[in-house]
Amino acid sequence: MAADTRPKRPFRWHVGVFLAPAVLVYTAIMILPLAGTLQLSLFRNIEQHQVFVGLENFRTLFGDPNWSVNFWNALRNNTWFFIIHMLVQNPIGVMLAALLSSPRLRFSAFYRTAIFVPTILSFVIVGFAWKLILSPLWGVAPHLLDLVGLKSLFTPWLGKEEYALTALSLISVWQFVGIPMMLIYAALLSIPEEVIEAAECDGITGMSQFWKIKLPLILPSIGIISILTFVGNFNAFDLIYTAQGALAGPNYSTDILGTFLYRAFFGFQLQVGDPNMGAAIATMMFLIILGGVCVYLFLVQTRLRRYQF
Amino acid sequence: MSTATRSLPRTIGAHAILLTYTAIALFPVILVIMNSFKSRAGIFGAPLTPPTPKTFDLIGYTTVIGQGDFIHYFQNSLVVTVASLFFVLLFGAMAAFALSEYRFRGNSLMGLYLALGIMIPIRLGTVAILQLMVASGLVNTLTALILVYTAQGLPLAIFILSEFMKQVSDDLKNAGRIDGLSEYTIFFRLVLPLVRPSMATVAVFTMIPIWNDLWFPLILAPSEETKTVTLGAQLFLGQFVTNWNAILAALSLAIMPVLILYVIFSRQLIRGITSGAVK
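These protein sequence lines are chains G and A, in that order.
Read in this note's numbering, the first sequence has 27 at position 27, and its numbers run on one by one without any break.
Read in this note's numbering, the second sequence has 214 at position 214, and its numbers run on one by one without any break.
Take these hints with a grain of salt, some might be off.
Unchecked claim - For each label pair, taking beta carbons as the anchor points, the in silico distance ranges come out as:
#: 1; chain 1: G; residue 1: 12; chain 2: A; residue 2: 194; range: 21 to 27 Å
#: 2; chain 1: G; residue 1: 149; chain 2: A; residue 2: 223; range: 47 to 53 Å
#: 3; chain 1: A; residue 1: 116; chain 2: G; residue 2: 104; range: 40 to 46 Å
#: 4; chain 1: G; residue 1: 50; chain 2: A; residue 2: 106; range: 31 to 37 Å
#: 5; chain 1: A; residue 1: 263; chain 2: G; residue 2: 50; range: 50 to 56 Å
#: 6; chain 1: G; residue 1: 143; chain 2: A; residue 2: 17; range: 20 to 26 Å
#: 7; chain 1: G; residue 1: 64; chain 2: A; residue 2: 135; range: 28 to 34 Å
FYI, nobody ran anything at the bench for these hints, they're computed from the structure.
Quick reminder that beta carbons are idealized off the backbone N, C-alpha and C, glycines included.
Generate coordinates for the entire structure from the input sequences, incorporating the hints supplied.
Written as structure tokens, this is what we have:
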């Protein structure tokens, strides 16, 4: 920090003053608790005392069937949650952005604004609104399916073990598709006119122009979106909690790491909350997210050199 | 495939796809708001039609306003959001200025340290944050939420703002120095007004997750006194599962302030995303 500036020049207090508030709050509320949580995962509460137990909590998490079944279930569900986002949210986002960025498209500001609306709503609103729409009691979803002659397809998706997680993932996709759309849209706008004109001179237009010219140029943005999606998904909690409760029903079929952490930490029904096990799960989430970020930084980022204008 | 870039079928196709998706995006919102103004019979009898004089009913709204303490929750959310926003912008801008303006040893290391929080979510530290708040007696206070959200918002704010502060002309700052202005005056009087547009962008980015957060209010401040709108709505909706009028009205009340703000600021937000975020 500012203390490092002492040699050569007089001590510049203002640098320290400018940095101090942000660094203090950030360190005290974010970095230290994060480190504290990692540390807590190595301790256990034995007779009101925190005792160092090494990796014992992790042995419980992976070895004790009471925990490991739930953990692997949550991790599997979370992975599926992520896969759906990558397969549905990002391609739709790219497609919408490609359409929006086509030159002289009218009403594009209106489309942009409207498609981004779900993203600004809270999970509580989104979760409940979709719960109502998909509810067989209200009958909006079956009625709509009836209009296109597919009424036989309707089941209470959120209540069925085999569909609930996919349904919730799609709801989350519906909510967040605006983010990839906006970022890709911005990337497409920043492609210089000359590149497009050169392509047109060579007779590359329309769809092949998108695949051959534009897509390679927006790959770095797709990389950023993928890592943002990854971090967001493995950290998700609110939507599942709002729509299915802390038990992530039916029968834990929508349990993801966030809800699993919440139950371990706070307890639910008969199980008592255990901060140390909660910390162990948070540590696992930390490692997963860190792993994803490292893969992104070292593999994706170094290969996809950003196009410099 | 057509070879012309702007043929008519293409344009129609683009509009068709965009319109379809716009309908998908807006349908649930419109459906909820529309039905919140209807009687119970109207909600179940004809969910897809707008309220008619026959089905128009404000019973849902009177229930919500009578039962839930929504105005109080709303105040809490407002206090938390505005206060966190103020600190994020002030501290973030100050740190961004220090990082972009001065060369000192450890500058880039400090930048990297502060950027860690963009990728690693603060939620993972919840266990220790709760202990910290219990130890300092801040559980069930709005201060706890403000502190957490300030820490949460800072990394991205510093990152975006320092990109913009690098663009402020050096000549201007040096002219200020020659005129004998202190570094603080240069920051508050010269630099801050120039980066105001990017401050607005950062404000919108910071505000939405804070206003919508459920996790920290649930864990750090679940008491009646400190409930935010998001948590209050969640509990209220849980209680009134069978009262559809009340649920739809509560959802509409939660949607409308955000929607109105969004319509006012959408231009700013979208310009912010398309200029700053992908730098």
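Hints, verified against the model:
no.: 1; hint: G:12 / A:194: 21 to 27 Å; verdict: holds, 22 Å
no.: 2; hint: G:149 / A:223: 47 to 53 Å; verdict: holds, 52 Å
no.: 3; hint: A:116 / G:104: 40 to 46 Å; verdict: holds, 43 Å
no.: 4; hint: G:50 / A:106: 31 to 37 Å; verdict: holds, 34 Å
no.: 5; hint: A:263 / G:50: 50 to 56 Å; verdict: holds, 51 Å
no.: 6; hint: G:143 / A:17: 20 to 26 Å; verdict: holds, 24 Å
no.: 7; hint: G:64 / A:135: 28 to 34 Å; verdict: holds, 30 Å
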